[in-house]
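Colleague: Take the given structure of chain E and dock chain H to it, following the hints.
From first to last, the protein sequence lines stand for chains E and H. Each residue of the first sequence is one higher than the one before, counting from 1 in this note's numbering. Each residue of the second sequence is one higher than the one before, counting from 1 in this note's numbering.
Incorrect hints may appear among the rest.
[Claimed, not checked] Distance condition first, Cα-Cα at most 20 Å in a straight line; then the derived DMTMM-like pairs of lysine to aspartate or glutamate:
1. Lys210/E - Glu223/H
2. Lys412/H - Glu156/E
3. Lys423/H - Glu104/E
4. Lys91/E - Glu104/E
[What the hints assert, rightly or not] A few chain E residues that face chain H, going by a derived Cβ cut-off under 7 Å, partial list only:
5. Asp21
6. Gln24
7. Val45
8. Leu47
9. Ser105
10. Gln123
11. Gly127
12. Ala172
13. Gly173
14. Lys210
15. Pro234
16. Ile255
Treat the hints as calculated values from the structure; they're not laboratory data. Ideal placement from N, C-alpha and C gives every residue a C-beta, glycine not left out.
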Amino acid sequence: MLEARLEQADLLKKIVDAIKDLVQDCNFDCNDSGVALQAMDNSHVALVSMMLKAESFSPYRCDRNVALGLNLTSLTKVLRAAGNEDILTIKAEDAPDVLNLVFESSESDRLSEYDLKLMDIDQEHLGIPDTEYAATISMPSTEFRRICVDLMALSESVSIEASKDGVKFSCAGDIGNGAVTLRPHSNVEKPELDVEIELTEPVSLTFSLKYLVNFCKAAGLSKSVKLCLSNEVPLLVEYQLAGSSYLRFYLAPKIGDEE
Amino acid sequence: MKTRGRPSKSATKPATETVEKDTSTNPKVQLEPDSANPPQLFILPKDKSKDARIVTLQNPRYLSDSRYLICPENGFYEFTKVAAPRTTPRSWLLSGSESNEVKEPDAKRRKHSGYVTKSAEMLVATAIDPLFVVLSVLAPLPTSKGSEAPKKLFLSGDDYIEKIATASPHFGGFSRIKSIRDLLEQRMAAVCDTVEAGDENMYRLNEEKLFGELLKKAKNMCETGLPPSMEEKLVRKALDIPVLSIKREDSSLHELVNEEAETPDTQTCVSTIESAGTSFSEASTAATSFSDDPIIESKPKAIPPINAPEGVVDLLRLRTALYFICAAYLAPHVTETVKKMAASSASVDFAPLEAHLAHLAKLRQDALASRSLGDFSRKRLAAEDIETRAEKKRKEDEEEKRKKANESRGVKALKKVNVTGMKKMSDFFKKK
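With the rest of the complex left out, here is chain E (with noise of 0.2 Å):
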């Protein structure tokens, strides 16, 4: 039996919009540590993880390790009857057939209830190593969107170059090229601003700004967002969630045939 109970159904929202135009279905894989979620997009050249800890719940419960299949676009479709403030359960049986949600309004006696049918999805879990990462970039991740959208105006792909002196993000069109630099910078009355740089080697890599900017969508959770780069992996962009939480997408760097 399942049954776990967030403070706010908005967490679950904004991380289902952020995941739901990457993939469309996915197990959520519950055990007594918490929920989790890996799933690849349909060219298997991105990567989504999601960890949300038991500790994020409140409370949390899970007597048995279940996977929850769901699409995502039924999912949204559910969670959107949930209003942002609304205290929100998940709950399934040991074997569930269906994943039964409540929204519980904390201003008024509203009490809604779903049950959102489940699927079988045979996906295949890859290993993650821990990586030692050539660049550590941690920005606003509302900056890190508005490079991307504004770079994605003129090509379609960015390459980011990370030295000593900064992160440049730069892309080259049909209609003219353009690029963005961030200097490290540190704000004392907002710490959410500052702009820090971590290197052991520069590194310059090329991305799809498509992915990019669909992994952007998840800025509405965390206030900054980690780039790690390293030459031959692929990206990380990591959005911290409240507690160990987290939100990570990879992204396969484009290698060769450069634009």
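Modeller: Just chain H now, with coordinates in the frame of chain E:
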């Protein structure tokens, strides 16, 4: 050897050995683990003597070990498994009867104990001709292949019985009982050349005699009537005459006939029988389904007479019966000789049957050929085929559409993204 069995009502020992349960029943309802040696249900002959035993003997067909019941007075019995088909799961509920003798200390408890078997199997002991048991030593497997058949020697009955005992150690105890020995020797005499040597009879297998004996059995089988399934599948179907021309008015009826004729189309009849023969041998070991029989009995259909020349039907029945006996009880190498003898035997002539079957095979081929030249029943079939295919496609399309409907705009958009030069995630991260 300990067997757990339930003798038929009139058997000598009533329910004492019905259910032996070593697990205790708690007052609370609690499922117990499966018994490693679950009780089995036997139907044993009524008049079996006290010395009758279930023993392991060599199966004459497969030369593997099988269980048989030997009764010194009545001879040999094989076990036939009768079970409900797997599609309709059933069980036996075995309960200790009230008349349990209070021999055992836990008799009180046993009164309430019962056992539900996993499947409704029943092992019925049916008499088997001891000839088959002895045949495996009369006609042993040729030791060296390729060489000429070894010269068969006359051996005394004792020697043969000794050989059975070596092949099936369980038989040892019975080999000393006179009634059993007499029975075996008597059956040996029926199929062997005999020579008297002193006060002993010596035996050597005579294939002619064996064939005669088998033929007698097959004739017997025909006289009592073949089992309905055998009759339907191997006699009626084999002799079906394909319909060549079809009139539109009653096409539905003809189509039925046609379909029937079509099913075994590519095979010739002979091969049909042979393959059926092998399925017989399976049938003798596998569970026999009997659920269909009552239905057939309850509403007998008007069976149209088989349309075949005089005598052919009987011949086919006889051959079916003979092949069945071969497939169920004779070792493959013996079967071969028997079949050879059947083809060249003077006592029964299968030639008219062969001729008729060949004729039918030709008719079938012709029917098939003419059908492929655009006959309308075929067209109808093709149309149906197209219909089902269309149906399938529609379903697939629907499935696809539903899948599409559940695809978010973002996922659709990502499909168009140029991913050249991007490696798959599985190239970076290894599968767990």
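Colleague: Can you name, in rising order, the numbers of the hints this structure does not satisfy?
Modeller: Of the numbered hints, 1, 3, 9, 10, 12 and 13 do not hold.
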